[in-house]
Structure formats: structure tokens, C-alpha cells
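> In case you want the letters, here they are:
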Amino acid sequence: MNAIVNNIGGMIQTNANSVCFHCGQPINGNPVQEKIHGKLQHFCCTGCSAATQWINDAGLADYYHLRTQQAPQASTESIDLSAWDHADTLAQHSRASDQSDDSRDIIISVQGMHCAACAWLIDRALSTQKGVSEVSVNAVTGRLHLRWQQAQAPLSQLIACLQRLGYRAFLTRGSELEQSRTREKKQLLLRIGLAALVAMQTMMFAEALYLDTSNEMSMGTRDMFRWLCFVTSTPVVFYSGMPFLRGMLNEIRQKALGMDFLAASSILLAYFGSFYQTLIGGQHVWYDAAVMFVLFLLVARFLEYRTRQVAYEQSDALARAQPYLANVFRGEKQFSVPVNQLEVGDCLCVNPGESVAADGFLVSESASFDESLLTGEAQPVTKQRGDFVFAGSIGSLQSSRLQVSQVGRDTQLSQLLYRVELAQLKKSGVTHYAEKIARYFVLGILLIATMVFFYWQYTDASRAFEIALAVLVVSCPCALALALPAAFASAQSALAKIGVLSFNNDGLVTLAKVDAFIFDKTGTLTQGKITRSEDRYYVEDHNAALAIACALEKNSLHPLASAFPEHTSLQANNVQLIPTQGIQGEIDQKRYRIGRADFAAGQIDDGRLWLGDGERAMASFSLKDNVRDDAKDTVAGLRHADIQVHVVSGDAESKVAAIAGDIGIEHAIARQSPEQKQAYLKRLQADGHTVAMVGDGINDALVLASADLSIAMGGGAAIAQRSADMIICGEKLERILQARNIAIKTQAIIKQNLRWALLYNAIGIPVTAMGLIHPGLAALGMVCSSLLVSLNALRLKNVAART
Amino acid sequence: MNILLVLIPISFIFLLLAIGIFIWAIRSNQFENLDSAALDILATDNDVDGKVKKTDAD
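Order-wise, the sequence lines are chains A and B. Residues in the first sequence are numbered from 923 upward in steps of one, following our numbering. Residues in the second sequence are numbered from 306 upward in steps of one, following our numbering.
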């Protein structure tokens, strides 16, 4: 990650005038200029320039050379952080440290950490603060562990320091969960460390036995070394090897043999076999094989754990959006209450920089919210009174009030989180299948090992046990069982990085096979946001006419309202929506109409939107739903890969044909009801195609459900309700291409992994059965095989970056 | 071979010492942040007492 440290830092400075020195965002409008080290630098905002100043003054300017990724944009807003000092917050989320002073420990989730230099900067910045005794930052998991004295340095002050640098701090979901995760990781490390240190010592003693090739060692010395090996290997087998022993017990209890059974039985056989040989003074002991096997297995497991951890942290970003305290108005007074005490109907006050605690409708006139955690869209979204605001979005610029409509588990955010968590727990069909194969494989190996044992019993009884053990150890069900989960875990994390949520692994498998895509038009190929083009006016005062149109559309829920975003002070009264015709309303006691030509202006309908008083025309507008910028490239990319692309829409013939021609789609079908769309899809499937349906997920749920793979375009957290295999967060259509690349690459890697696992076992088992490989060496071979599989899967993580 | 009777206990002492140090390292979060330590060597010098020296290049 931090290999080519100076490269990007240098790049940032070369085109420093167009992008911000601190955060690297392009500078719009007037740059803020500031002298840094005698050189004039440009910043996008005062927040970023202040961050740089602060970093410089603290002597941490090296950060700019060390970083490999851009810094997050620093905020200019002054944010009320007093909630961090709230007694409830401290009691719930931090605990007294085991030091004698009154310091406390807390784990904070930090957003905006991109590379090791960020962790370095935070570490240095916080540890120079008074009252802070310990800081540790993990850039991979985005966690900050802090030990501080509340009396000397209030937590809010430390968080303010983070905010100044542009990082955003969040309380973690639950301190118990965090602590148990840290404990789990520490225990795993301890197991590996102990196994490594003690295994070395055991091998040292075992080496003495091996070097005695001509049997010159006295019986007493030999037995002493054997007992020493026994003493050292015992903690490795029973402490470090505990996860496998426990796994074996579970598998026996569930009557399903798996990886752990084979691993643990090999370990125990080697250990107790050696112990038996030591007692009766037999010819061989294999303590070294037992400890090496434990060590190697643990290392493989640790790597798998890291892969899983990274995937988990990706989805955990959503959980950060859930705040702990919320400000509510009850009566005329403002209270700070824990989120779980919020009720529907409460009036919620959201200050700039605060997360919205519950779903609700905006009561203030207008406000903007940062929905980046939900959609990946960095620009704040402006909302008007009555608009729906999602829990988890962050207030920006001004404080606002909301009326709470959904709390706790009912919020869209919670439901999305729940679905993602469920998807992570759920085993997909393919993984299930792989595990089943591994189970038969384990049975087969046990059978082969028994046969090998009896064969050697007749030919060379002294080596029978050793060779049977080596067969058990060398066979590697891990590579088989890991081949799929490892690949899927890193594919999921690669998908999450580009903003694609995949709810099951089967979808990933299907995506690689899809050879026909059906797109919905509105909201999928187009932005779903209607804009005006080609205004024609038939009166002198264009602005007055436009203002009237805006006033009429302003208070309507008409889908065309978004075509008139201009602000107007005119107020329309008695506004009536006349279905299929248009809108009618009174402004300054005069009646106006907007809609079809015959309704609004007494003309012949020509598909344009007319404004008039019922007889005379004032203006006419042409309406257009803009095609997404990347639609053409996406379709071209799909067709380049020999995939059929269809567009099926409920819209009029001419509009669909125009868009299809525009972006190069051959098969365009218009005026389709959902049932007809479904029939069309079924016909394609009957022709032998694997069909993916891409829709906005709201009105085409029926079609989505019958497609082989359903992909929903999701803007906002409404995605929680949609039933799709995959969801593309944000507005980028070309992510379909990227996701397809990842899916294809995943298939390739799974195939490589399976092939490797089969090849390895096909060669390894016969060779070992012939007695050519020592159990210790067999353990090494087995572990290298599963390491290879895991590392191969990790290559997937960079696929998205390359496309 | 009697030297073994001295050397083996010594090896055990070293082993226990190493395990002890490892346990201490884990307990005191030495393995929490493995990435940014690699950057420290690239940063400008710090004073001995851990306080960061002011850079006065300008």
C-alpha cells in the first residue's frame, strides 16, 4: 500500500493550481491562497487551507510526501461536538482503562482514512495533545483506539482536532462488538506467535533426533529429547490448535465432516501417535509434524481472517451513519436524547455535520444533506420542505428540522444494513456445493489413509503409521473448500469499492454467464430527471411566462415539476391537477393552464408542453429526459463482449426509438406493460439466453423477479425495498461493465483454484502414499497449497481499479 | 553430552522470555497499526523526548 510513497505526492504538486493542495479536489471558483513553506499554494476552501496550516505548524508536513492517496476535504463548518462529552456517550462507548489514573479507552470509527499516511497523521496529531496517553490507528479497518483523560482533554476537543484535519469521527456500532473483535484478533495473533516460537524449539529438539542417522545416541538421551518434544508441543496442540479441535467437535456434533475434522484428526494422530511411541520406546516420533501443521494452518486462517475483515469493514461504513444521540424539540425546549428513545412524530433538529438519526420529512424550508454514505455521491443533495430525508445522511451548511416518520429498525438504513448482514451470513448455493464436495473429499481421504496404512502394515510395518499420517496431512481439502469463499470474499470487497452491492454470490456467478441485457428506459438508461429544452415564447416577457409556469408546477406532485427548478415568488392558488391534460391554477386572479396544447392553448397536440390561459398560448416547452452520460459507452462495451442489448419501455415509440438510436441499441420495444415486458424476457430465456434485467427497481419489480439476474439502479436508500440480486449505488451505469469484469475474473480465479487443488492432490497423495514424503514436509506442501489459493483470490481486489 | 543439561534449560528460559515479550507486545497494541510505522523512517527527525520538532524551512 505504501510502496511508492513519493510518487503521488509529487504528482499532486505538479498540477497544484487546478486542484486543492490538501484534498486534491478540483477548485471551483476562487481558490483560497496560502503561503506554505514560502510557496504559494491553492486550496478549494478555507477548511483545507486551515488543515494544511495546522499540519504544518505541528511539524507534520511530511504527511504530504508520505501519502499515496488524497486527503479528505476538510470542513469549514463549525460543528457542535458537545454530544461526545455527554455522560451517556462516555458510559456507553468508552470504559475505564486498567491504568491507575482516571483515563478511559474508546474505539472510534474514522471516515476518510485512505492510506497509511492518514493513520500516521492522526497518530501524530492526537498523541501531541495533552491528556492523551495512547493512540493507535488502523488504516485498514478505519479504527482509532484512544486512551485519554476526560478531565484534561475533553473528548470533543480531540474529535474537533480530527475534524479540522478533514476526518469524520463516528461512534462504533457497539463497544462490546468492537472489543470482542479486537479480542478475537489478539487471541489469533497470540496463537500464531506461540505456535511459531514453540514450534521452532520443538523442531530444534526433533532435529537432534533426525541428525542421529547412524543410531549412535543412547536410549536415555533419545528418550529425553522425545519427552522434551512432548512438553513443548503440548501447548501448541492444545492452545494454538484449539480452533481446529473445537471445529472438529462441532463437525462431529453436526455429523458433517469438514476441513477442521481432517486438520484436527491429523494433529491429534501425530501428537498421540508420537506420545505412544515415546511410551513404548518405538522407532519414530512426529511431534514436529504436529506443531508445524498447527502453525501453518493458523497462518492460512489468519490470512483468510484478514480478507474477511476488510470485506466486513466495507459494509460497516453504513453502520457509521447511525448516530447515538439526537436533538429533539419537545414543547419549546430542545433535548438531547438517545436515539432508541426517539418516537414517530418527534421534531428532530439536525445540525451541520450531524447524522440524521431517523427517517423523516423536512419541516424547514430547505436544507441540504450529504448522502454519500448511502449513495457514494459526494455532492450534498438539496431538499425542500416535505421531502423525505433518510436516516444516515449528514446535514450540511445549515441546521434543519425534521418530523420523524420511522425510527430504529424501521428506517430504510437499518433495513439495508439488515439485508447486507443477512447476505453476508447466508451461504449461497455454489458455496454450499463446494462444501459438500469437500465433505466427500474428507471421507475419501480418510478411506485412502486407512488403506495406505494397511498396505504398509504388510510391506513395512514400521513406516505404516508415518505414511498414513503423511497422506492425511498432505491432502488439502482446505484448498478445495477455500477456493470459492476466498474468491467470493475478495470479489465482494472489490464490488463494494465501486459501489455495487451484491446480495448473493450466485448473482456473481450468473453475471459472468449473462449474454443478454434488458434495460428499462426511464431512470435506467436515462437519468429519470426530466429537463426542459427548446423553450418557445409567444409573449414579450419571457421571464414572466416562465415564472407562471414555475409557480403552477411548484406545488404539484406532477412528474414534470423537476423540469422547472427555477425559483419564483409568484403564488398559484386553486391549483388543480387534471389527469392526462395538465395543471390549472390562478395567479393574481387570472387563470392559467399548463399541459397539452389543446388543454392549455387551444392548439393541436404536438407532444410539447404548452402554457396559456386556455385559449391563447404564452409559451411552449420541449421536455427531455437526459440520457446518462455513460450509457453509450456501457452499451458499446456490452456489445463488444458479444452481449445482446435490449431496451424495453412503457414509453412512446418515438422516444424509445430515439434513445435506442442515440446510444446504439438494436432491439428496442416500446409501449410495454409490465406483463408484456415479462413475456418478452421469457421469450429471450426460451431462446437459450441468460438474461439480466436492469431497472430502477420500483415499477419493474415483476420483470426483475423473473430475470436470471436482476440489477437495480439505486439512488438513495430506497434501495432497501427493492428486490434485486445486485444494486448499483449512485448514478454510474458503467459500473455494470466493471462488475461484469469482476464476475468474469472471479470465475477464472475459482477455476484456477479448483484446478490447482485437484492437481495438487492428484500428485501429492500418490507420492506420499508411496512413502516418499515425511509428514512435516507434507504439512508444508498442504499449507503452501491453501496459501496459494488465498493469495490468488486476493488478486481480485484490484480488478476494479484496472478497468 | 552433559552440557545438554545446562543448554536445554537455558533454551527454555529464552523461549519463555520470547513468549513473555510477545504477549506484552500484543497486550500493548503493538500490532494494531502495522502500516504507518513504515512511514516514520521517511519523516523528518524528531527530538528524543518524542515531541515533534518545528520545521523552520521558511
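For the record, the hints were derived by calculation from the structure and aren't laboratory data. These figures come from a predicted structure and were not determined experimentally. Glycine included, C-beta positions come from ideal geometry on N, C-alpha and C. Keep in mind that a hint or two might mislead.
With beta-carbon atoms standing in for the labels, derived distance ranges [as the list claims (entries may be wrong)]:
1. Ala343(B) to Lys1177(A): 31 to 41 Å
2. Ile313(B) to Gly1169(A): 29 to 39 Å
3. Arg1017(A) to Asp345(B): 24 to 34 Å
> Hints first: check each against the structure and report whether it holds.
Against the structure, the hints come out as follows:
1. Ala343(B) to Lys1177(A): 31 to 41 Å: About 48 Å separates the Cβ atoms of Ala343(B) and Lys1177(A), which means 31 to 41 Å is violated.
2. Ile313(B) to Gly1169(A): 29 to 39 Å: holds, 34 Å
3. Arg1017(A) to Asp345(B): 24 to 34 Å: Holds, at about 29 Å.
The structure fails hint 1 only (numbered hints given earlier).
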